[in-house]
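**Q** The chain contents come next:
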Amino acid sequence: MAIKVDISPLLNRATNGVRTTEVNGDTVGQCLNHLVKQFPGIEPTLFDKEGELYYYVDIYINRENAYPGELAKPVNDGDELSIVLAIGAG
Amino acid sequence: MLTKHELERYDRQIMIEEFGEEGQEKLKRARVVIAGGGGLGSPAAIYLAAAGVGTIRIIDRDRVQLSNLNRQVLHWDKDIGRSKVASAAEKLRNLNQGVKIEAINETITEANIPQLVAEFDLIVDAMDNLPSRYLLNKAAVEKNIPFFHGAVYGFEGRAMTIIPGQTACLRCVCRGVIPGEKFPVIGVTPAIIGCIQATEVIKYIVGIGELLTDRLLIYDGLSMQFTEFKVKKDPDCEHCGHLVKGE
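Residue numbers (numbering that gives the first Met the number 0), protein chains in the order written: chain A, 0 to 89; chain B, 0 to 246.
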């Protein structure tokens, strides 16, 4: 299942500037695991040691907030995932 | 009632069809708190003062530092070491003598926040840290004061408008930010986000347009894209969940 992923520019360093890619998976969790295989450097920023998303990582499916229980949410062919990191500077 | 001087000063915005003299009078009567006199607070305050918002209370406890000057455009070289609110108030009074500027040199705390926002119509979130933003969000929800959120990082910024009890609040959509004490930012990013916050404030006061509610707007200066994300009220939100459940 082809899912487009839009990656936060805050992860640019780990993705070598790649902002969009395609992954496969039936759930958000599977898609993110596939994404980590493409860009291993993003894993420590997205996931804690228990494999849960960090509190500052927001996932949107087709631009709708997937919280709570994001990793188990199903996705369909053609869906778009967005990875957004919460920021707080002013 | 607008004076002859005000009619001339604000002529170009009064000309806007939805705005008119009635809109200008609403701005003149409005009382706005800007929490933070830095990167976001500077453009927000400048454009709200220029637009003729009647009373602006700007709150900040910091003093101007050299490293602020790439983005905090209310503060200049000569202001280094001075309190930010004194520096901001001087510039804003020079910009528009018809606007009442209140400079509050205090740290925002849970204890003083009710006093700081009492009798004000709305709050602009121009803070630089999440705990203070949460305090403001909670106070806004409790006191039913519209809250205009903005945040920046590098070339990225975001904005969202919160109408307590009606729309998602900051706590509904933000459970924490990337750890770190010192964040990268270039001045044009808070300039854009602060102006979006000011635009939302003006629209809300005048009662025109469509507010940025239940929508998180993310600006990416590197790709020069604005993306809108749908957000919703969280029934378990610790700040506004009781209002959601009461619906």
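Bear in mind the hints are in silico, worked out from the structure with no lab data behind them. Any given hint might turn out to be false.
Here are the computed lysine to aspartate or glutamate pairs in the DMTMM-like style, where the Cα-Cα straight-line distance is at most 20 angstroms [said to hold, decoys possible]:
| hint | chain 1 | residue 1 | chain 2 | residue 2 |
| --- | --- | --- | --- | --- |
| 1 | B | 232 | A | 49 |
| 2 | B | 27 | B | 101 |
| 3 | A | 3 | B | 227 |
**Q** Each hint should be assessed against the structure and marked as holding or not.
**A** Cross-check of the supplied hints:
1. 232(B) to 49(A): violated (28 angstroms)
2. 27(B) to 101(B): Between residue 27(B) and residue 101(B) the Cα gap is close to 15 angstroms, so the pair holds against 20 angstroms.
3. 3(A) to 227(B): holds (17 angstroms)
Going down the numbered hints, you'll see the structure goes against just number 1.
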